[in-house]
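2 protein chains.
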Amino acid sequence: MIKVSVNGYGTIGKRVADATLKQPDMELVGVAKTSPNYEAMVAFKRGMRIFVPKESKDKFIGAGIEPSGTIDEMIDESDVVVDATPNGVGAEYKKIYVEKGKPALFQGGEKSNVGEMSFSALCNYDEAVGKKYLRVVSCNTTAMLRSICTVNKVSQVKKVRGTVIRRAADPKEYKKGPINALVPDPASVPSHHAKDVNTVLKDLDIITMAVISPTNLMHVHLLDIELEKEVTREEILKQVLSTPRLVIVPGKAGINSTAELVELARDLGRERNDIPEVMIFEDSIYVKGKEVFMMYAVHQESIVVPENIDAVRAVSGIRESINVTNTSMGIRKGYII
Amino acid sequence: MIKVSVNGYGTIGKRVADATLKQPDMELVGVAKTSPNYEAMVAFKRGMRIFVPKESKDKFIGAGIEPSGTIDEMIDESDVVVDATPNGVGAEYKKIYVEKGKPALFQGGEKSNVGEMSFSALCNYDEAVGKKYLRVVSCNTTAMLRSICTVNKVSQVKKVRGTVIRRAADPKEYKKGPINALVPDPASVPSHHAKDVNTVLKDLDIITMAVISPTNLMHVHLLDIELEKEVTREEILKQVLSTPRLVIVPGKAGINSTAELVELARDLGRERNDIPEVMIFEDSIYVKGKEVFMMYAVHQESIVVPENIDAVRAVSGIRESINVTNTSMGIRKGYII
Numbered sequence: 001m002i003k004v005s006v007n008g009y010g011t012i013g014k015r016v017a018d019a020t021l022k023q024p025d026m027e028l029v030g031v032a033k034t035s036p037n038y039e040a041m042v043a044f045k046r047g048m049r050i051f052v053p054k055e056s057k058d059k060f061i062g063a064g065i066e067p068s069g070t071i072d073e074m075i076d077e078s079d080v081v082v083d084a085t086p087n088g089v090g091a092e093y094k095k096i097y098v099e100k101g102k103p104a105l106f107q108g109g110e111k112s113n114v115g116e117m118s119f120s121a122l123c124n125y126d127e128a129v130g131k132k133y134l135r136v137v138s139c140n141t142t143a144m145l146r147s148i149c150t151v152n153k154v155s156q157v158k159k160v161r162g163t164v165i166r167r168a169a170d171p172k173e174y175k176k177g178p179i180n181a182l183v184p185d186p187a188s189v190p191s192h193h194a195k196d197v198n199t200v201l202k203d204l205d206i207i208t209m210a211v212i213s214p215t216n217l218m219h220v221h222l223l224d225i226e227l228e229k230e231v232t233r234e235e236i237l238k239q240v241l242s243t244p245r246l247v248i249v250p251g252k253a254g255i256n257s258t259a260e261l262v263e264l265a266r267d268l269g270r271e272r273n274d275i276p277e278v279m280i281f282e283d284s285i286y287v288k289g290k291e292v293f294m295m296y297a298v299h300q301e302s303i304v305v306p307e308n309i310d311a312v313r314a315v316s317g318i319r320e321s322i323n324v325t326n327t328s329m330g331i332r333k334g335y336i337i
Numbered sequence: 001m002i003k004v005s006v007n008g009y010g011t012i013g014k015r016v017a018d019a020t021l022k023q024p025d026m027e028l029v030g031v032a033k034t035s036p037n038y039e040a041m042v043a044f045k046r047g048m049r050i051f052v053p054k055e056s057k058d059k060f061i062g063a064g065i066e067p068s069g070t071i072d073e074m075i076d077e078s079d080v081v082v083d084a085t086p087n088g089v090g091a092e093y094k095k096i097y098v099e100k101g102k103p104a105l106f107q108g109g110e111k112s113n114v115g116e117m118s119f120s121a122l123c124n125y126d127e128a129v130g131k132k133y134l135r136v137v138s139c140n141t142t143a144m145l146r147s148i149c150t151v152n153k154v155s156q157v158k159k160v161r162g163t164v165i166r167r168a169a170d171p172k173e174y175k176k177g178p179i180n181a182l183v184p185d186p187a188s189v190p191s192h193h194a195k196d197v198n199t200v201l202k203d204l205d206i207i208t209m210a211v212i213s214p215t216n217l218m219h220v221h222l223l224d225i226e227l228e229k230e231v232t233r234e235e236i237l238k239q240v241l242s243t244p245r246l247v248i249v250p251g252k253a254g255i256n257s258t259a260e261l262v263e264l265a266r267d268l269g270r271e272r273n274d275i276p277e278v279m280i281f282e283d284s285i286y287v288k289g290k291e292v293f294m295m296y297a298v299h300q301e302s303i304v305v306p307e308n309i310d311a312v313r314a315v316s317g318i319r320e321s322i323n324v325t326n327t328s329m330g331i332r333k334g335y336i337i
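Chains as they are written, first to last, in full-length UniProt numbering: chain A, 1 to 337; chain B, 1 to 337.
Be careful, since some hints might not be right.
Pairs count within a copy or across copies, as identical chains cannot be separated in the list.
Claimed, not checked - In silico lysine-lysine, DSS-like type, Cα no more than 27 Å apart, as pairs:
hint : residue 1 : residue 2
1    : K153      : K195
2    : K45       : K252
3    : K252      : K176
4    : K45       : K22
5    : K95       : K153
6    : K3        : K102
Worth flagging that the hints you see were computed from the coordinates, not collected in a lab.
Make the full structure from the sequences, and use the hints.
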């Protein structure tokens, strides 16, 4: 059993902790939290061990949460640490992981040099096996890489031109805007997403532009992928339909928005209405000669969770992970409904 | 076993159908749906029987849904019909329920004369037992009545002055606004909520004003309740804490918004992140002499579901329902966390 701890119990951390509990070969040491809010209270009531900064112990006890120890002690007990602390904090913690000799994963908000490589399971799992420090790329980059590496199996991808329409904040965040504007992010081209894709696919000709939109449900990407050779729409559709972590939203389902995608997740009984799969709108898949167009939605809260679980196995030297993760987490392929 | 059917499978209908499946004394005949969208597809995949208008049969088969019969046939098989059709449509269907001699419940969007009485379980369950047609009051009215009838147990309520800050649409609805404005609803006073409370508490002096706000998560109410005699905050808090269907959101939990309440529901593993309890902010309970002030949030999608289930038992002549509904649905009292 791989002893996994999760440092940082926010949007990503809570989901990685839950996913860890579902793995046949992993054991959750506990989660680290710095403030005793409702998220910590729920985790504690669910029986998770909570580790806290030494100086915060009393604050947690006052909120009815009995800490199991300090964050340092949690790291000592772990085989692998999943760092899900806020952007930039992971790099600070890396010093401690290195000092204690513990393999660790970082999130996409960290600079790309925080790990020995940037990780995206469908693109470079094999290369990551045996590394000690991995950076799991961000939600948008994860979705883009899954899509590109899948289309690449039909014919080699030469060039990608992509638009990222970003959600403004996560559902629980009410202090972040914009609330009523579209914000080029940034107005300069390319956006960081292209650069981040290049940390995994180093030689790909990719340009992305991004705009923030006042919504908090999901991102939407619009891709124009140029291939080495001409392909048919059927070849692309077939490849996508047979690839877990990408699903097709059927045209006949009457789903025209991210609002209905989230409603579908609720109706399907998905935990926290999570959708870790890239959700490709069937009617958006369009092929013209060597060019493939598509539109898909990205659930920013959950999409990187399977990749985090795979990365735990990669740094543990395990050669096969993706199928185990898919099965344990109920991750789908084909038509979502 | 009471054979229950649900006519209309939208926001309320899908939840009543799920709740029916959890009742020890009820059996779900099926649900009626007019268009074969993703909601119908999920219900069908989950094994529910789908009943459709005669002329729509082919449309459903084309979407991969095999109907179990017509809506007429569904009604014939039922002991009680829960009508969850859109506002005003229920009154049309009533003719059919009456013709077939079937007891039926209607939702708060129907005019109050659609039923023999308006129903709110904590206020008038006993009076409803044995009636054949009940109107379950709307989400806002349900929350207000639960709160008023609970406070009324401490001292008789003389007068209520309330503000309703309404959500603009349900999460799945992306065509309804406003998207960036506050809309007095209506600008005239009182809003219909006061009148609707008076369909249950006929002699209560109540005035409400309402404003629509560009959010889709929950409503928020601000109440000023005047009692017959002076009370203490502790008496009010104690009464609320011991009443299921009202819960207290503890001040120490760091929950300052409806966004975090929905996040809490997700973390707690609530189906569809539903919160059928009235969620009272602990710090908002304030007492000055005979006046009680409070602020609470109302999950418009799910709050009327327990009352619908109770109403099924009331029209079936069953004298005890509230505790059975609470237990089967996992409805809480006390501090929510």
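Hint check results:
In this homomeric assembly, K153 and K195 come within 27 Å of each other (Cα to Cα) only inside a single copy, at 22 Å, whereas the closest approach across copies is 64 Å. Proximity of K45 to K252 under the C-alpha cut-off of 27 Å is restricted to the inter-copy arrangement: shortest distance 15 Å between copies versus 42 Å within a copy. For a Cα distance limit of 27 Å, the shortest separation of K252 from K176 across copies, 22 Å, qualifies, whereas the shortest one inside one copy, 35 Å, does not. Taking CA atoms no more than 27 Å apart as the test, K45 paired with K22 passes in both settings, with 18 Å inside one copy and 25 Å between copies.
For a Cα distance limit of 27 Å, the shortest separation of K95 from K153 qualifies neither inside one copy, at 39 Å, nor across copies, at 60 Å. In this assembly of identical chains, K3 and K102 lie within 27 Å of each other by CA distance solely inside one copy; the values are 11 Å within and 59 Å between copies.
Of the numbered hints stated above, the single one contradicted by the structure is hint 5.
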